[in-house]
Amino acid sequence: MKIKDLSKEKYLLPGTTACQGCPHALGLKTLGMALGDRFVLVVPAGCTTIIAGSRDKSAFKFPCLHVPFASAPAVATGLGSAFKKLGKNGIPVVWMGDGGSDIGFATLSGACVRKDDMIVIVSDNEAYMNTGIQTSGTTFWKAKTTTSPKGKKEEKKDLALIMLMHKADYVATASVGYLQDFIEKLKRASEIEGFRFIHLHSPCPPGWGFDSSETVEVARMAVKCGAWILWEFDGKFKISTQSKPYKDKKRRLPLADYLKRQRRFRHLSDEDIAEIERRIDEQWKIILALEKVFS
Amino acid sequence: MKKILTGNYAVAEAVKMARTEFIAAYPITPQTTIVERLAEMVERGELSAEFVRVESEHSALAAVYGASAGGLRAFTATSSHGLLYMYEMCWWVANSRLPVVMALVTRTIGPPWNIHTDHTDLLTLRDSGWILAMSENAQEAFDLTLIGFKVAERIDLPFAVGLDGFQVSHTAEVVDIPEQEEIDRFLPERRRDRPFVIEPGNPITVGGLTTNECAMMLRHDMMRDIEKVGDLVRNSGYIRDYDLVEKYRLEDAEYVVVMMGAWCGDAKDAIDILRDEGVQIGMLRLRFVRPFPAKEIAKIDCKKILVVERDSSIGKGGIIATEVKSVADSPVQSVMAGLGGVDVGVEDFVAMFRRFVEGDLGEWWM
Amino acid sequence: MIAKPSKGSAGKTGLWRTFKPVYDVEKCNLCHLCWLYCPENAIDVLEDRIVIDYDYCKGCGICAKICAKKAIEMVREEET
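From first to last, the protein sequence lines are chains C, W and S.
Heads up, the first sequence is in my numbering, so the first residue is 1 and it goes up one at a time.
Heads up, the second sequence is in my numbering, so the first residue is 296 and it goes up one at a time.
Heads up, the third sequence is in my numbering, so the first residue is 662 and it goes up one at a time.
The set of hints was computed from the structure by calculation and includes no laboratory data.
Just so you know, even glycine gets a beta-carbon here, dropped at the ideal spot from N, CA and C.
Be aware that a few hints might be false.
Listed next, the in silico DSS-like pairs over lysine-lysine satisfying Cα-Cα at most 27 Å (straight line) [said to hold, decoys possible]: (1) K187/C x K61/C; (2) K673/S x K115/C; (3) K115/C x K238/C; (4) K726/S x K244/C; (5) K731/S x K2/C; (6) K688/S x K2/C; (7) K10/C x K726/S; (8) K260/C x K731/S; (9) K187/C x K8/C; (10) K668/S x K61/C; (11) K2/C x K673/S; (12) K244/C x K665/S; (13) K594/W x K84/C; (14) K153/C x K249/C; (15) K238/C x K285/C; (16) K85/C x K167/C; (17) K688/S x K8/C; (18) K292/C x K247/C; (19) K10/C x K688/S; (20) K247/C x K2/C; (21) K730/S x K224/C; (22) K85/C x K665/S; (23) K10/C x K681/S; (24) K2/C x K238/C; (25) K688/S x K61/C; (26) K153/C x K115/C; (27) K311/W x K115/C; (28) K594/W x K542/W; (29) K673/S x K10/C; (30) K731/S x K8/C.
According to the in silico footprint, chain C covers these stretches of chain S (three or more CB under 8 Å from chain C) [said to hold, decoys possible]: (31) 665–676; (32) 685–695; (33) 701–708; (34) 721–728.
So, partial list: chain W residues that the calculated Cβ filter (under 7 Å) puts toward chain S [to be verified]: (35) F491; (36) P498; (37) I499; (38) T500; (39) V501; (40) G503.
Let's have the full structure, built from the sequences with the hints guiding it.
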């Protein structure tokens, strides 16, 4: 998809409360470009609660329903039923952070099991950022947060693979570093019926500790060092173009370049980095195997 | 047409006749048979509703919230722990002013595990903005469910219909069911644009951040609007007349008992026995807790009032008694009884009321 | 409770800026990457140039970073 062909309509209106260089803002503007007037956004508590605007002013040029933290996919189920019953052509899109997918994991699972008609996007900035950088299920191993001052002791929760094994109708990973890829995946998801899930990697400047100008760069480095793998499942499992070169470990950027760019990882020892690299290699083994299994 | 129905089946019948469009619920004893019956009705094609088998009560009310925000007439049902699990959504629905109807089959909150009736679960909704009704029998559970949709959709507030676990929910009684045409005249299709509708292409944002003043005004307006419920119930145009309270042998009563729920039937029998002995005693039965029938209670002109209730506020006492005391002119005494579903029968009421009348009530906890 | 689409839902966020993106049309090859990656949606695309909306641009600097032609430079506000 060429940039020139993308919609010029602004669905995220300038002058929001989002921090400088916010990855959610990037994702939200892209949503509108991909789905146009065909969707309704469901937003549980999180950074986007704030970004959405206040009082009588909404930052969105699409409909948006704010909902309690753990409820979003279930609310989307109800909305989807209303659209269907009243003959309205629209997709409920759940936009939540990793917090929403921690506290609302049962809700997510229920909607997926029922194959309810929706697209769920988890914009994952790898910690509870809206409350001030606390550890979440998807926080990276060893990353420092305000509730893990010495670094998180547990592994990052692999939401996308969980949802794949949960037999969602469509599952993809995406990154705010590759917005055209994200748009293509949203469009692909919108053509499929049922429960669709996109795990969007969203590097957060204040939360991860890098300059606001580097959001896209850091997101891309995550892909280039192999730490974030872009893939898509729509019946077939495909490693996305941007990640393909990094099947070959030799072509990956040095992991330390990605990690040391971020304040949350500054304390890592060489052994820690070697261990993270080992875990990334393990992840690639799984992804490459899945590509074979679902070919 | 007269049918023999349990309270739960009567509620399901009312939900069907209301042409409810969306149902989501999670099973919990003693509510379960409501949604089982509704699932059968949907599967058999008797009711054209979306029926969603959610994974929790929180999701049940969340899905109902979404459907209602999308314009559908929506219903759920629960009990006790289910209500507590969906509690966050209860407040969200109320402040969103969506006209959802919920059946609440009352059950004791654990531990210890206990499936029998106690009204404390219902009363946890007291301050939320839900209209709270409590039925005495299957007929009322049926009628109040239908009136619930009408009133909720008029006033943009959710409506909970309470019915006692097992005593009403699982007890078969004769229920007078109106013709569908009568119900259709009483309850036309929901106005889908009230209080707002979420739909593709209509770029409004609902429920986001506002000023503190706006949040305060929201509660102010809810407080103002719920006061209209009394008139709406009295003038709802329903087949049978309803009011916020029922007055039983109250005209000349020197002693008045205030109660709600299924056991009022037994208490009325006790009143009849005492009346035969010449004791001038009567009952004001609360059919609604919210809005609180303050005017009706203030009007009671008697020697003293006894509130008998199946709930407890630890550290204060009877929840209803506290409220009655705040508006009654006559002295109010309080008894908490039947907690945990402990059986209280006609003879117990006769003894209790007699001691109340004789000024020898003493400590009651049974 | 109900909000409608509005520019500047957080006010004139251009006031947040410490660094200002300064655009050099001569260097621009109209690839529009700056437009695509502007998180504030504060860049508009015209036929022969891009336009930055300084009322709302927060000065994050993503546009300058992503521009291969270095047609956008971040300059400290007081120096402009």
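### Task
Sort out which numbered hints this structure fails and list those numbers smallest first.
Hints 2, 11, 12, 13, 25 and 26 contradicted; others consistent.
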